[in-house]
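Visitor: Letter by letter, the chains look like this.
Protein chains: 2
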Amino acid sequence: MALPEKYSQTILDKLSSLLNDRVSTNPSVRDTHGKDESWHHPHRPDVVVFPKTTEEVSEIVKICSEFEIPVIAYGTGTSLEGNVIPHNGGIVVDLMHMDQVLRVNAEDLDCTVQARVTRKQLNEFIRDQGLFFPIDPGADASLGGMAATRASGTNAVRYGTMRENVLALTVVLADGRIIRTSRRARKSAAGYDLTRLFVGSEGTLGIITEVTLKLYGIPEAMAAAVCSFDSLEGAIDTVIQTIQLGVPIARIELLDDVQMGAVNAFSKLDYPVKDTLFLEFHGSEAGVQEQAETVQAIAAENSGGEFKWATKPEDRNKLWAARHDVTYATKALRPGAEVWATDVCVPISRLAECILETKKDLADSFLIAPLVGHAGDGNFHLGFVIKREEEHELKEAERLNDRLVMRAIAMDGTCTGEHGIGLGKMKFLTAEHGEAVSVMRSIKKALDPKNIMNPGKIFTI
Amino acid sequence: MALPEKYSQTILDKLSSLLNDRVSTNPSVRDTHGKDESWHHPHRPDVVVFPKTTEEVSEIVKICSEFEIPVIAYGTGTSLEGNVIPHNGGIVVDLMHMDQVLRVNAEDLDCTVQARVTRKQLNEFIRDQGLFFPIDPGADASLGGMAATRASGTNAVRYGTMRENVLALTVVLADGRIIRTSRRARKSAAGYDLTRLFVGSEGTLGIITEVTLKLYGIPEAMAAAVCSFDSLEGAIDTVIQTIQLGVPIARIELLDDVQMGAVNAFSKLDYPVKDTLFLEFHGSEAGVQEQAETVQAIAAENSGGEFKWATKPEDRNKLWAARHDVTYATKALRPGAEVWATDVCVPISRLAECILETKKDLADSFLIAPLVGHAGDGNFHLGFVIKREEEHELKEAERLNDRLVMRAIAMDGTCTGEHGIGLGKMKFLTAEHGEAVSVMRSIKKALDPKNIMNPGKIFTI
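So the sequences go chain by chain: A and B.
Counting from 1 along the first sequence, just add 984 to a position and that's the residue number in the numbering used here.
Counting from 1 along the second sequence, just add 984 to a position and that's the residue number in the numbering used here.
Among the hints, erroneous ones may be present.
Note that identical chains are pooled: a pair holds if it fits in a single copy or bridges any two copies.
What the hints assert, rightly or not - Straight-line C-alpha distance at most 30 Å; calculated BS3-like pairs for lysine-lysine:
id, residue 1, residue 2
1, 1198, 1411
2, 1343, 1252
3, 1046, 1429
4, 1429, 1411
Hints listed in this document are in silico derivations from the structure and should not be mistaken for laboratory results.
Okay, chain A solo, but in the shape it has when bound (with noise of 0.2 Å):
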C-alpha cells in the first residue's frame, strides 16, 4: 500500500473535494487499472480518479507530491510491457474523460487533443476533412498514451513515429506546474527541445494531458497489396532493397508462416500459409502505379508470388484490420494463452541475419512465437505463446527474449522500437545505452525530485 496509512484519509478527503465521486477504492475499478496488455503481474493502485481537465490533474499531482505518492496516467491499458501497471501502488490518473478533440487546423495540417483520444476516434472525425493521422500501433491506443510510449505502428515507414509526428504537448509536471513544450510551427530552434524528452518518456517526468498532432491530406490513391513468398529471405530482402531504392512506400509489414496459420483462423481468411508481405502504397494515381511495379518487380526477382490487390476501401479495411488483430490471432493459438510480446528494432542491413537467426532459436524451442513486424523500419516482434501459471515456459520466454535483444543490440539496434521499456526491458537499457542511462536519471532526478511521477519504470532510481 503506497497510500501512508496515516494521512490516507486525509489523502481521500482531498481527493474527493476536487473530483466529488469521480474517486474509486472500489476494488474491481482499481484491478482494471492494476494491469495492461502484457504478461507483467498485476497490482492494484490504492485510488483511481478520473479529472476532467489539466487543471483538476495539476491538482491531483500537487496532493501526490505532497504525499510523495506514486502517480501513474492511465489511457487505454494497452501498453505491452507493463508500462502502465501501478507496481509500487498508488493513484492512477484515468484520463476517460478528456477525450475532446479540442482544435483541427485542417489549413495547418494539424490538430489539438486531449491526451485520452484514441486514434480512431481522431481519424473518424477528421476524415470528412479529407485528413488523416497515420500512427497505427495495434490497439486503439490513446494518443496521449501514444504519445508517453513514443509509439508508431505500420505507416511509420513513410511518416513516421510518434517522435516526428507531436508537435507540442501539454504535460503537468511532478509539482503541479503545467507547461506547453512548444508552439504550433512546423520548426524551431528556440531552447530544448521538450517535446521530444516527454514523447517517450512513459509517464515517468510528468503527465501529457494535451497532444498537438501533425496531419495528412487523405492520399488520392491508395492500394494495398498481399504477397506470399517462397522463403524468409526472399520477403525480407524485397522489403531491404525497397528501403534502399527510396521507394516511398505507405506499409511493408511482414508476417511469418506461423503469424499466417494464425491470422487466417483468427481473421476467417485463406492466404497461403507461407511467409508474407502486407504492402500499401499512397500517392497520386500515377505514383502509386509506379511504385506498385517498383515493388513487384523486386519481389518477383525474390521469390514472390503474385500481388494480391485490394483497392477498395472495404478491402483495405480488412486487410489492416487482420494486421492489426495479430496479438488476439496469436492469443487464439492455444485455449487460456497469453502473449508475450516483445520488440527489436536494428539497422535495414542486419534485418535478414536477425529475423533468421530468431528463426533458428524458435526452431529450436518449444514455445510457438509467431513473427510478425514493421520490416521496413527494421521493426519487428514476437509473440511468445505462453501460460502464465507454467514457470518453465516463462522462463523459456525470457531466455529467447533476452537472445533476441541482446543480438538486436549486438546489431547497432535497439531493445525495443516502439513498445517501450516500461517494466520488461530495463533490464537492457544500460546494454543499449551505456552511461547514457546515467544522464537519463539526472533528468528524471531534476524533474521528479520526489520520484512520484510512474517510478520504478525505465530505470530505478
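Given chain A, work out where chain B should sit, using these hints.
Guide: Using the frame of chain A, we list chain B on its own:
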C-alpha cells in the same frame, strides 16, 4: 578574463601536456574565435585548443570542470545569433582536426562523421555512392554545429531539419564523461530521447564530437525553377496552397523584390526584380513532372509568371548557390555594412499575414531588410542592413526585430525557426515558452551544475 589568474599557468600547462602545440593564446587566433557571422559583439576567449579526438575533448572539459572555466565548441563560426561567441571568455574548443567521415553505411542510408565535417564535404564524399545529405543552411557549416543549432535550410520542407535527420550523437558531458545518445536503428522507444535533447542545445549541455546522420538516395530526377509574381500575396498563396495540397516539393523558397535585386547584383543574374519563388522537385521522372504541373497551375492562379527551368546540374547549382549567398548579397547592398539576420517561423496559415505586416513595418522604416525564407515551413528571414557604429540603426533593427518576433509568437509561431537562441533571442524565450523555460533550466543545472558549457546562451542560470 575567465581563466582564474591564480591557476592560469597550471591550466595552460595541463592543456599543453595534453595537446602539445595545439593550444593557442595568440591574440589573433583568439580574435578569430571570438566572433560568428552575426551582428553580436565579439569577445576574445582566453585560450583556443585544437583536439583531435573525442577523448581529448573529454580531457579538456575535465580541466575546464576542475577550474570552472567556460568551454565553447567551435566549428565553422557561421552561427547567426552569437551562439559561439565566448562572451564570458574561457576556452574555445576548435574542432577543425575532427573532420573525418568515419563510416558510411550505404545499405542503411546513414553515416557517422566527426563534428567538424561540413555539409558540402559530406556530400562530396558520398556522391559517388548515389547518396546525399539534404540539410543546407546558407553557410557550409559543420555538421556538429548544425546539430547543436537544430539547423535546417532549403530542403527541410521535404526532408526535415537536423531534428529529424540526426540518428545519434557522441557527446562529451560537462564533467568529461562521454556518451552515445542512441544506436543506429531508425526508431527506438528505449528511454529518454537524448539525441533530440542535445540537438538544438547549442553547446550548453555538452560538446558534440560525432554525428550519425540519415542519408538519402539522390533522386532519379530533379528539376528547379524560378517563378516571378505580380504580388507578394500571390507568391505566398502559391506556397501555402502547395503545402496544403500535400505536394512533396523539395524546395520552395520565397525571395522578395528587395532580395532579388540584391541577388541579381551579387550573383550576376538577371531575374525580374519581383517577388519570386525558387522551387525544386525531386522524384521519378514522372513524379517530378506531375508535381511541377500541379504547382505551375497553382502559381498561374496566383499572379505567377512562367517557370524558368533549371534541370542541368550546373544550372541548378548556380541557382541554389545564388540562394545560399543571400547573406553576402545583402551585405553587398551597402559597402561596409553588416547584416543583422533574424528568423521566425509561423504556422503556414498565418504566413501571409505575418509577412505582409512585416513588410508594412519595413515600408515605414528607414532601414533596408531583404526578406527571404523557407516559406514551405512557414519560416522566413529578414536581413537588416546596418552599420554597427550607427547606434540609431541598431536601435531601429532591434525595434523591428522585436515587433517581428512578438508577432510570430502571437501567431503560435516561434522566435527562431533555425538560427537558434544564442545571445540574440534570449529575451524572447519566456514569451514563447513560459514556464517551460524553467524546465530547460532544471535540465541545464542537472547536466552542467558548474555552468561551464557555453554559459549564458539560450537562458541565464
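Visitor: Give a verdict on every hint.
Guide: Tested hints:
{"no.": "1", "hint": "1198 / 1411", "in the structure": "between (34 Å within a copy, 29 Å between copies)"}
{"no.": "2", "hint": "1343 / 1252", "in the structure": "within (26 Å within a copy, 63 Å between copies)"}
{"no.": "3", "hint": "1046 / 1429", "in the structure": "both (17 Å within a copy, 23 Å between copies)"}
{"no.": "4", "hint": "1429 / 1411", "in the structure": "both (20 Å within a copy, 28 Å between copies)"}
Comparing the model with each numbered hint stated earlier shows that all of them hold.
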